[in-house]
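Chains as they are written, first to last, in my numbering: chain S, 1 to 635; chain H, 1 to 125.
The hints are simulated quantities; they were obtained by calculation from the structure and are not laboratory data.
None of the values given here were measured: they were computed from a predicted structure.
Glycine included, each C-beta is placed from N, C-alpha and C at the ideal position.
Any given hint could turn out to be false.
Okay, the calculated bits of chain H under chain S, using three or more residues with CB under 8 Å as the criterion [claimed, not checked]:
1. 37-45
2. 87-96
Here's a subset of chain S near chain H, in silico, CB distances under 8 Å, partners left out [said to hold, decoys possible]:
3. Asp483
4. Trp541
5. Gly542
6. Tyr544
7. Ser548
8. Trp587
9. Asp590
10. Ser625
Listed below, chain by chain, are the residues.
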Amino acid sequence: MLKTASIAFAAAIAAVTAGASAQDQNWDTFNGDLMAQKYSTATQITPQNVKNLKKAWEIRTGDMSTKLFGVPAETYFEATPIFADNTVYIGTPFYRIFALQPDTGKVKWIFDPHEPRKALTQPGMKSRGVAYWQSANPMAGQPCQKIVYIGTMTAKLYAVDADSGKACTGFAQNGVLDIDQWNTAKGTWPMSILQPPTVFKNMLIIGWAGKDWAIGHRAPAGNVFGVDAQTGRLKWTFNVLPPEAVKNSGTANVWASMSVDPKTGIVYLPVSSPSPNYWGGNRKEKLPYATSITALNSQTGKVIWSRQLVHHDIWDYDTNSAPVLVDIQKDGKTIPALVQSTKQGYLFVLNRTNGEPIYPITEMPVPKSDVPGEATSPTQPVVLHPQPVMPDKWGGVSWIADLVSAGQCSRIFKTVRYDGKFTPPSLKGTLAFPPTVGGVEWGGGAIDPAHGIYVVNNSYTAQIFKLMPRKQFDAKTKGMSQDEAQDYFAQSGTPYGVYVHNFFNWLNMACWAPPYGSLSAYDLKTGNLLWKKPFGQIQWWGFYMPKSWGSVTIGAPIVTRTGLIFIGASMDSRVRAVDLKTGKVLWKADVDAPAVAMPATYMYKGKQYVVFTAGGNPLLTAKISDQVVAFALPS
Amino acid sequence: MSDTILAADRAAVRGACLIALAAAVGFVICLIDYFTPHGTIAHQWGTLLVVISTLLMLGASSWITFGSMPRWLLILFDVLIIFDILGTAICAYFLEAPALLVFMVIALIGWIWHLAGDTPRISAS
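Could you build the full structure based on these sequences and the hints that come with them?
Rendered as structure tokens:
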């Protein structure tokens, strides 16, 4: 039976392989393509030969900081390399662009905007890379017919000629667009462009990131901008929040990548939660676009449909990744669908033309808040099929962490409130599982569109949210250094500050029982889970913990037509190739630091390359790096 | 007459010598692992731990090989060395340092050899 299934699978792959096109073997957007499928039709690397993959080239950009040596902030190198016009482009946390030779990694040019090395809105300097545009009707001999864009922490968007690395002076002000000119709350923070803009036809669609956990009210409203790709001229603005809400709230911004249906021109926005993040007593009005998927006309910015995924969000459950667009076969019909993974661990599978659920969404009664002034939503939307990537209840206290801390984990757990998913933040402290950083992170999932198999990695983490009355909060944080205060968020304009911290013991060991992360595959035709396995390993003091524990994961998988998944994501500084059919790890390699960006794969001169950036994440591990490394089969 | 060991038994000395050799190679491996730029276990507390444990093993086994000591101290060293070998081997397993693990197996063979041959002559001094 198994053998028959394998033959059928191989035959199906062989059949679809025959139709591979050269264009599909680019990787010219953050997610590989506009539909955010993270899928490549390249077929050179197969489950049979992947074990032979070797390092083809690597570079270290030099753009790395560990807070030592005079640079005051750490770096978060989360950029997915893009491959377009026979060049690999990558953006760094110092906001430089590197153009690289695809087969050797040799530097063609470097663009340096000389941006300040300060962490203005994030825990460190962060970049998720660059975007690429090329004219449909290029003018011969003219520069900037192909443009690479990089955004910065200071809310600048730079446009650079893709061939020469020179600024495109015809774009905005001498090649620089100041997004902060549209900031509705100047003086709070710059609208940082850490995620490269989404490029569709002649339009750049731009969201931004801030620090909504720090400032509660009068934060910039989470507007999204449509800008001409060549001139930088503003074409439309999508106001996420109603004007009356902006006084006491803000954000509900789009800080993650977006997806576009090229046939319909609809852009799909993963909209984040409004501020203040953990107390909503000042923002009880309906904010229908907050924590939602919202579909816009990409040329006008008009709303086509929107679906809220968390009502009155007080958990910072941002919709945090581009929905994956795919046509699925179900009950004999082809349905234009999207799959939205979430921090809560639900997979919302919707008809992308109208936002209606393909698999049912249930309004589930959830626990009430006991904090004065708060008014929680009585229900929250949940999806029970496909099976959520996160369990309903947390796995309990880790006996090892409890033992070595002489029962500290159990003692803490007894003091906090925990009533399952959507337990609201409280004055005594609430165990959040999944928390702000849990479930599925900003990479989202990937799809094999030929078979309708969706792959997604997730983390099992637990945090404690403790609201603190203003006086108590001020007294507690008075005189704290920036490092000491990093888990305390003022939520200004509200009666409560909040203390958000990982549920660790005094040895910095996770107090919740493993696993810490997994990789899952779903059949979207039926919604059934095909397999789910602990993924990666945790490294403590250099010791690799058991494979069954898995690892917290950041970043995302990509899928190839030959039935391979390539993924970094784990905290053990390893990158892996996984069999799409079984979940078995077929190949792994060591890299400098956790590869917390999704990889890219492309064909160049007849050879397939898989490229990872191994930047690490200073919040999770001490190892960070500036490495870009490509793997290929030996010649 | 004091209970001082001259390490006269040839097998016991050869066993201790093998431990010292394995510990020395293990120590070098650990040092390389600790200082290898961008290595998977470079600059990690766990790697530093095995640097220290192999160094201690080298010191103790060298002392047994070349020095003299009271019998009670020899017994104590035998016990400490086996803990050191097993502890370092466990660390090597979790550090995924196979070469170090191999040399700890060699050290274990040396320890068994040393113990099997340990019929010490009590020196007259």
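Right, here's what the structure says about each hint:
1. 37-45: As far as the segment 37-45 of chain H goes, the hint holds, because 5 residues have Cβ atoms under 8 Å from chain S.
2. 87-96: Held - the segment 87-96 of chain H has 4 residues with a Cβ nearer than 8 Å to chain S, which meets the minimum of three.
3. Asp483: Constraint on Asp483 of chain S not satisfied, violated at 21 Å.
4. Trp541: This hint holds: Trp541 of chain S lies near chain H, its Cβ roughly 4 Å from the closest one there, short of 8 Å.
5. Gly542: Holds - the Cβ of Gly542 of chain S comes within 8 Å of chain H, reaching about 3 Å at its closest.
6. Tyr544: Status holds, d = 5 Å.
7. Ser548: violated, 14 Å
8. Trp587: Nearest chain H Cβ about 16 Å off; hint violated.
9. Asp590: For Asp590 of chain S, the interface hint holds, since the closest Cβ of chain H sits about 5 Å away, which is under 8 Å.
10. Ser625: This interface hint holds because 7 Å falls under the 8 Å limit.
When the structure is compared with the earlier hints, violations turn up for hints 3, 7 and 8 and for no others.
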